[in-house]
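Keeping the supplied structure of chain A fixed, place chain B upon it in accordance with the hints.
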Amino acid sequence: MARRDRGAEPLPRVRPPSLLALRLRAVGHAVARAPGRHLVAAIALAAVAVGVGYAVERGVRWIDTYPLIGSVADAALRRSVEAFVTVLVVAVAFSVLTTAITTLYAAGDLPLLLAWPLPATTVFRLKVVETYLGSAALPAMLTLPVVAGLGLARDAPASYYPQAIAAVLALFALPVAGGALLALVLVRLAPAGRVREVATGASVVLAAGLVVALRALRPEQLAALTPEEFEAFLRDFAALDLGASPASWAAAVVWQAMGGGWSAALPWLLGSAVLALVAIGGAAAWAYQAGWARSLDGTARRRDPRPRGAAPWERPVARWGPAGAVAVKDVRLSGRDPSQWSQLLVLLALAGVVLVSTASLEVDGQRFRDVVGTLNVALLGFLLAGVGVRLAFPAVSLEGEGWWLVRTGPVGVGSILAAKFATAWPPILLLGVGLAAAQAALVDVSPNLASAAVVAGALASVAVAALGVGLGAAFPRFSANQAAEVPMSPGGLLYMAASLTYAAGLTVLLAYPAWATLVDPSGPLWATPAGRWTAVLAVAWTAAFSLPALAFGRARLVRHEPGQD
Amino acid sequence: MIEVAGFRKRYGRHLAVAGIDLTAAPGRVTALLGPNGAGKSTTIRAITGLLRPTAGSVRVVGHDVVRQPLAAKRALGYVPDRPYLYGKLTARELLRFVARLREVADGEARIERWLGAFGLAEVGNELVETYSHGMRQKLTFAVAMLPDPEVLVVDEPMVGLDPRAARHVRELLRGHADRGRTVLLTTHAMDVAESLADHVVVLHQGRVAARGDVADLGLAAGVAEADLEAIFLRLTEEAEAVAPPWRDVTGEPSRSRA
Chain A
1 MARRDRGAEP LPRVRPPSLL ALRLRAVGHA VARAPGRHLV AAIALAAVAV
51 GVGYAVERGV RWIDTYPLIG SVADAALRRS VEAFVTVLVV AVAFSVLTTA
101 ITTLYAAGDL PLLLAWPLPA TTVFRLKVVE TYLGSAALPA MLTLPVVAGL
151 GLARDAPASY YPQAIAAVLA LFALPVAGGA LLALVLVRLA PAGRVREVAT
201 GASVVLAAGL VVALRALRPE QLAALTPEEF EAFLRDFAAL DLGASPASWA
251 AAVVWQAMGG GWSAALPWLL GSAVLALVAI GGAAAWAYQA GWARSLDGTA
301 RRRDPRPRGA APWERPVARW GPAGAVAVKD VRLSGRDPSQ WSQLLVLLAL
351 AGVVLVSTAS LEVDGQRFRD VVGTLNVALL GFLLAGVGVR LAFPAVSLEG
401 EGWWLVRTGP VGVGSILAAK FATAWPPILL LGVGLAAAQA ALVDVSPNLA
451 SAAVVAGALA SVAVAALGVG LGAAFPRFSA NQAAEVPMSP GGLLYMAASL
501 TYAAGLTVLL AYPAWATLVD PSGPLWATPA GRWTAVLAVA WTAAFSLPAL
551 AFGRARLVRH EPGQD
Chain B
1001 MIEVAGFRKR YGRHLAVAGI DLTAAPGRVT ALLGPNGAGK STTIRAITGL
1051 LRPTAGSVRV VGHDVVRQPL AAKRALGYVP DRPYLYGKLT ARELLRFVAR
1101 LREVADGEAR IERWLGAFGL AEVGNELVET YSHGMRQKLT FAVAMLPDPE
1151 VLVVDEPMVG LDPRAARHVR ELLRGHADRG RTVLLTTHAM DVAESLADHV
1201 VVLHQGRVAA RGDVADLGLA AGVAEADLEA IFLRLTEEAE AVAPPWRDVT
1251 GEPSRSRA
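Taken in order, these protein sequences are the chains called A and B. Numbering-wise, the first sequence is residues 1 to 565 according to the working numbering. Numbering-wise, the second sequence is residues 1001 to 1258 according to the working numbering.
Keep in mind that the hints are not guaranteed to be accurate.
Claimed, not checked - Covered, in the sense of this in silico footprint (three residues per stretch, anywhere, with C-beta under 8 angstroms from a C-beta of chain A), are these stretches of chain B:
| hint | segment |
| --- | --- |
| 1 | 1047-1054 |
| 2 | 1085-1094 |
| 3 | 1112-1125 |
| 4 | 1174-1184 |
Unchecked claim - A short list of chain B residues far from chain A (calculated; beta carbon distances all over 12 angstroms):
| hint | residue |
| --- | --- |
| 5 | 1194 |
| 6 | 1221 |
| 7 | 1226 |
What the hints assert, rightly or not - Pair ranges (Cβ atoms, derived):
| hint | chain 1 | residue 1 | chain 2 | residue 2 | range |
| --- | --- | --- | --- | --- | --- |
| 8 | B | 1108 | A | 382 | 41 to 51 angstroms |
| 9 | A | 83 | B | 1103 | 42 to 52 angstroms |
| 10 | B | 1195 | A | 291 | 41 to 51 angstroms |
| 11 | B | 1213 | A | 111 | 37 to 47 angstroms |
| 12 | B | 1129 | A | 539 | 41 to 51 angstroms |
| 13 | B | 1036 | A | 32 | 48 to 58 angstroms |
Just so you know, the hints here were simulated from the structure itself, not pulled from any lab data. C-beta atoms are modelled at their ideal positions from N, C-alpha and C, and glycine is treated no differently.
Isolated chain A, as found in the complex (with noise of 0.2 angstroms):
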């Protein structure tokens, strides 16, 4: 030090690096590392999103043409874009709890970060911009094609545009905001060493009670109503008021500046809205140094250091050798994994979402049953092949940096994917065989439709999970931090192609049983050739896209090396 001050020439300060500009700069280098997956997300994201600006101008253009409810359209189309916001504010409330656990206080480079001589208060607000970015972007971004699609069809001034954007951008900081209060409240309360497994139980459980009660207010009644009976109940919508919400502020904003002029409302979200993320960030600040995070940390319960055996279930599994251990290691960490077990949770609500439709609908006369039966049936598989993108895609991408654990002993990859089906296919099946039954038995569809139903549940069960796991090995990612971020990849489009294809292709099977029942709902469908070729067809349907996506998945996994994914 002695020999630097004699050189006294003073070092020249430097600017403390900008955490927000490092980010980025590590998102550029992974955008260049795989330039190709990226195009394809964004082209993606690009055309769902011109896709919804689309549908919302066109149908604004159509109801504000429409006579019968011209004169509430303005009022109506507004309640209807409060009602759309508020919705996704709530859903961002619920799913932004994990988020704001994990990155907020228990993320991997707080302890590096915070030992920089930069102020705690700067990491943890690059902490919150990450928790809104992590939980808020994606409704952000399906909210800012509706209200330019909302402007190009009232042909809204240029102004317009830049209110709108705010006006949505900070709608969703004050959901953020509320949730990583909550987060707050979860990381000294819970039991200690399980404050991730309550957030994520409560989130799924809160999430999936909205959705099923959305879908319990059964819009479809609307149809049944006359004419004059729905211009009531528009007016009655328009005129509902959902008092000082955030999403009735953002609405005020957005309708403000389609007239030319500008809402006090925006600066008074804006205001909240900055006021909210600092604060936040400054109480977890707090939190984390002064030890609030109590949660977080490891078991304090007594320990049983008795040997535990395997318990009874394992034992017939095991006697399948090599996959049968991989098949219970599945088992145990699916139910101890917070992101596997939710999603169980997630499909017990799409299940409860769809009996509530099916039992909304009333149909005269067997012909229409049938009918709706054959609509039920073919919609099946579209729903399995999305369930299958979040149970079976990611089944081999679980195992994640234990990996290497299997890979270095003695059990083909080929079994390995045998065990990973085994474990994704019965709740798949349950789902298709349960909700093809329990929809058969709700519409009181024809005998041989029922069966053709069921059928056609357990092939497709049978498809989505050979399909799910075959390409979920095929384009592995271990470096996935849970089940959700795996399908966003080039394999997780290719299984989505894959997958509705074939649900299309069974569709098109299916047209024979339902052609067969309706015109004769009571003669022997299977007994028949033409039966049983179909039911040779749709077989020889599954395993033409089953078998080659499990040959290919094993050949590519057999190839795979770490760092690859």
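Only chain B this time, still in chain A's reference frame:
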């Protein structure tokens, strides 16, 4: 026995290993040394079947790792440099999983033996995610040793271990080799290599720079009476010469170079 012949590994344009021959014999501890980026981890990963060679062959107890992977892996125990394990399993469940995966006959008895050997029996019912780094490293050793493998491959064995556990691991590796098993380890701790290894292979820029026991290496390096650290530094001094001068980085001369 591990036999690596003409092994090359290329990642795109980058040649990580330029062709090495290596034999780790039963009854000996073989140490694979080298500066960062010399190709040690790549070689270890090829031996354990995590990587496929671009050229050459890797055999474990006579079985080609690419063509007969299951036979080769049946003989192999592996301790990676970072102890990534399934955090949501307890130590007992993890070891039971490994016992089933490797079809170990008296699994439960061995599980308790290895948990006891590493002082983990008390916490054997706790989730691995609650373990410290050192406890995970011990558990990783238990995972590798549970099937009593014919070949044990250890990447950086002492990272995160307390002094007592480090001594235990040294005795464990020595004892395993003395029972006629093959032990291959990589390490940057020269004292560990010097005290344990019967045979040393020094990798440098993807090639074998020298091999033999410590005395052989001393002769090869022209520093016959020196310890392994000095020998290693001499053998790899070419790499040191091209490293950036420390003065430019810190503004002060390095104490070690002064």
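### Query
Given a hinted range of 37 to 47 angstroms, is it respected by the beta-carbon distance of residue 1213(B) and residue 111(A)?
43 angstroms Cβ-Cβ, so the 37 to 47 angstroms window holds.
### Query
Are residue 1036(B) and residue 32(A) spaced within 48 to 58 angstroms by their CB atoms?
24 angstroms, violated
### Message
Given a hint of 41 to 51 angstroms, does the C-beta separation of residue 1195(B) and residue 291(A) actually sit inside it?
### Response
Holds - the Cβ-Cβ distance for residue 1195(B) and residue 291(A), about 42 angstroms, lies within 41 to 51 angstroms.
### Task
Quick one: work out the minimum CB distance from residue 1226(B) to chain A and report holds if it exceeds 12 angstroms, violated otherwise.
32 angstroms, holds
#### Entry: Verdict on chain A covering the segment 1174-1184 of chain B, where coverage means 3 or more residues with a C-beta closer than 8 angstroms
violated (count 0)
### Message
Beyond 12 angstroms on every Cβ pair: is that true for residue 1194(B) relative to chain A?
### Response
At about 28 angstroms from chain A, residue 1194(B) clears the 12 angstroms cut-off, so the statement holds.
### Query
Are residue 1129(B) and residue 539(A) spaced within 41 to 51 angstroms by their CB atoms?
43 angstroms, holds
#### Entry: Verdict on chain A covering the segment 1112-1125 of chain B, where coverage means 3 or more residues with a C-beta closer than 8 angstroms
Contact hint for the segment 1112-1125 of chain B vs chain A: holds, 6 residues under 8 angstroms.
#### Entry: Annotated coverage of the segment 1085-1094 of chain B by chain A, confirmed only when three residues or more have a Cβ within 8 angstroms
holds (count 7)
### Query
Taking the closest pair, is the beta carbon of residue 1221(B) still more than 12 angstroms from chain A?
Given that every Cβ of chain A is farther than 12 angstroms from that of residue 1221(B), nearest at about 33 angstroms, it holds.
#### Entry: residue 1108(B) paired with residue 382(A), Cβ distance criterion 41 to 51 angstroms
Check passed, 47 angstroms falls within 41 to 51 angstroms.
### CB-CB spacing for residue 1103(B) and residue 83(A) relative to the 42 to 52 angstroms hint
Distance hint for residue 83(A), residue 1103(B) is violated at roughly 59 angstroms.
The structure fails to meet hints 4, 9, 13 from the earlier list, while all remaining hints are met.
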